[in-house]
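Quick mapping for you: the protein sequence lines, in order, are chains H and C.
Just add 232 to the spot in the first sequence (first one is 1) and you have the numbering used here.
Just add 232 to the spot in the second sequence (first one is 1) and you have the numbering used here.
Derived by calculation from the structure, the hints in this document are not laboratory data.
Keep in mind that a hint or two might mislead.
Each pair may be met inside one copy or between any two copies, as identical chains are not told apart.
As the list claims (entries may be wrong) - Only pairs whose alpha carbons sit at most 25 Å apart, straight line, appear in this in silico BS3-like list of lysine-lysine: (1) LYS471 / LYS538; (2) LYS490 / LYS250; (3) LYS341 / LYS538; (4) LYS538 / LYS245; (5) LYS382 / LYS578; (6) LYS471 / LYS248; (7) LYS585 / LYS538; (8) LYS382 / LYS471; (9) LYS585 / LYS378; (10) LYS238 / LYS585; (11) LYS382 / LYS436; (12) LYS378 / LYS578; (13) LYS352 / LYS245; (14) LYS538 / LYS491.
There are 2 protein chains.
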Amino acid sequence: MDTSIKSFGSRDKLHKLKNKNSLFLCVIATTLTSRIPGITGAGASPELTDYTPAADVELILRGAPHCLPEIPQTVVEGEAAPTPAVITKAALEIAGIPFLVADAGSAIKPSIPYVNINHKQGGNIETGVAVNNPVEIFNKGKMLGKTLSKLTDHLIIGESTPAGTTTALGVLEALGYDAWGKVSGSTPENPHTLKRQTVETGLKAAGLADDIPLDPFQAVGVVGDPMIPAVAGITAGSKVPVTLAGGTQMTAICAFLKKAVEGFSFEDVSIATTIFVATDETADINYIAQQIAPINIYAVDPGFEKSENPGLQQYTQGVVKEGAGAGGAMLAAKLQGVSIDDIRAKTEDLCRKIF
Amino acid sequence: MDTSIKSFGSRDKLHKLKNKNSLFLCVIATTLTSRIPGITGAGASPELTDYTPAADVELILRGAPHCLPEIPQTVVEGEAAPTPAVITKAALEIAGIPFLVADAGSAIKPSIPYVNINHKQGGNIETGVAVNNPVEIFNKGKMLGKTLSKLTDHLIIGESTPAGTTTALGVLEALGYDAWGKVSGSTPENPHTLKRQTVETGLKAAGLADDIPLDPFQAVGVVGDPMIPAVAGITAGSKVPVTLAGGTQMTAICAFLKKAVEGFSFEDVSIATTIFVATDETADINYIAQQIAPINIYAVDPGFEKSENPGLQQYTQGVVKEGAGAGGAMLAAKLQGVSIDDIRAKTEDLCRKIF
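Start from the sequences, fold in the hints, and give me the full structure.
Have a look at this one:
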């Protein structure tokens, strides 16, 4: 591969996936955790974060959001950066990769066909009551993973879950990993103190702060989100290689899988993210991942510093960074022979048309 | 193909689909029309017909229904015939064909991952208010068809919709076709008078009895069911050949498509059903279809007269006949080289295990 992909981990397995059929699945969910002021940039206001996942996948499939009058953007100091769903859309369209959506529990349902795994959104983890049916979500995810892996050679799973790094932090900590101050976030000023307080409040509220490590389903139940058991289940059910398309949230999926599935092998599971997560000075995806297993991590650099679009340039300043599987979608397109320059040009083109 | 498949129509196009990848999608829906006593055999009582579609697809994917304590059966004169979902399951499993479910509006949701196209079940067509959002259902179906056709070479679409021949009759009549007394049914005594009265009552209630032919979306809106615009949309959106797996209900899909999509071609659309529908003396699928277009119809004979299972033998007496895409599933398995004797043996085996 060219220099736009950095590989972390011992075994570069990308050559096995070159020019194979791939299928991109975006799993969406919301939680009341994203209503905590200041915890996420994935929406113009805390209430609007409920709409971000549905608007993201509508944008990718239909070219415009239908549940909202406006496209999701992250606004930092008056500058708006577009949702990473634009990058995902550009990469998938240019490479002709099929796009499916699964709902793990989003408050707002997208106006497109989507696979129902779970209907109800997650709670606010400060209450210690986050997901009331993690086993059911995991089992349905497994069924879906098994089915989808009959339809492709390579399953790429992205996510859109506002405040998802906080709920990922919750699961990582509840499972006994050292992740304080290591999860990424959608704003340059990563609110680590707020994220930590939120998780600690939730573990205390559940009366489980002294019982760590928890059982993985209990961890999701008290301080997680519904996306985590859904993506873990799909991964566990797949018979083909899986690329987890996301940032530090995907390490929580790996941590969950390691404890929930006896003897789970990460041989055919990788994480693909953007260079903005991999080089995030406020976070450390590799530090978290290597505590779990020798998981291969790929980081794709879209070269937005070369872009004339001020919104995309914001990404190089630590705004947004990742989401809707943008890193994995770019990796999947590159595996089909698409150049990073073409992905960037198409992303700019979509930004001009959409915004 | 061997003698277990009868072909009606001018052009046998099966050779083009031999050994191609295929994907079987079962579209489920319920309506309050199925609560009319005596109108359908697809459930042990009118109220239980709400559960039949969900139980059918749970049976196919999980090996047992989860929404109901019992497997759907059709009981005629004390003899129970198993749901045709058992045939579908046998054929798909033996051929290794992937199975997906889409909900077009079923009152009871299956406990498996399913694609949401529409949430709400249909009304009782006697009221003249059947489906309130047929355009939205059709458009979402189109999106799904487009996506699924990127994942396979051949899309087979079955359905499970209790009282679906009555709502199909409604749409056929509302579109100006001569279908009185020609639709099939799940019992040997096809209640044609009741079906006709139900449709006529609905058209009158809607104040449209004298305005035939109606617009296709209006036809579904007043005397149809939500499965019809969903399957029509999926078919219209598909870029690969589509086999409509069902009996006379599938002619209503074709009639809808002909009027809703300008210049729609049936070149790559066929109907596949069971020999029990094709030879049904109380119905005439060819008579209906040929009014619409020169649609190819394939009828598969599972040879149940050779079976020692009394429930399957009931099929040869006109009980059940078809459903959950049984005919199309058998056709798809045969296209993969599976013999009809093996499908029958596997069906008998499943009946022994399940019932």
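Which of the stated hints cannot be reconciled with the structure, identified by number in ascending sequence? 1, 2, 3, 4, 10, 11, 13 and 14
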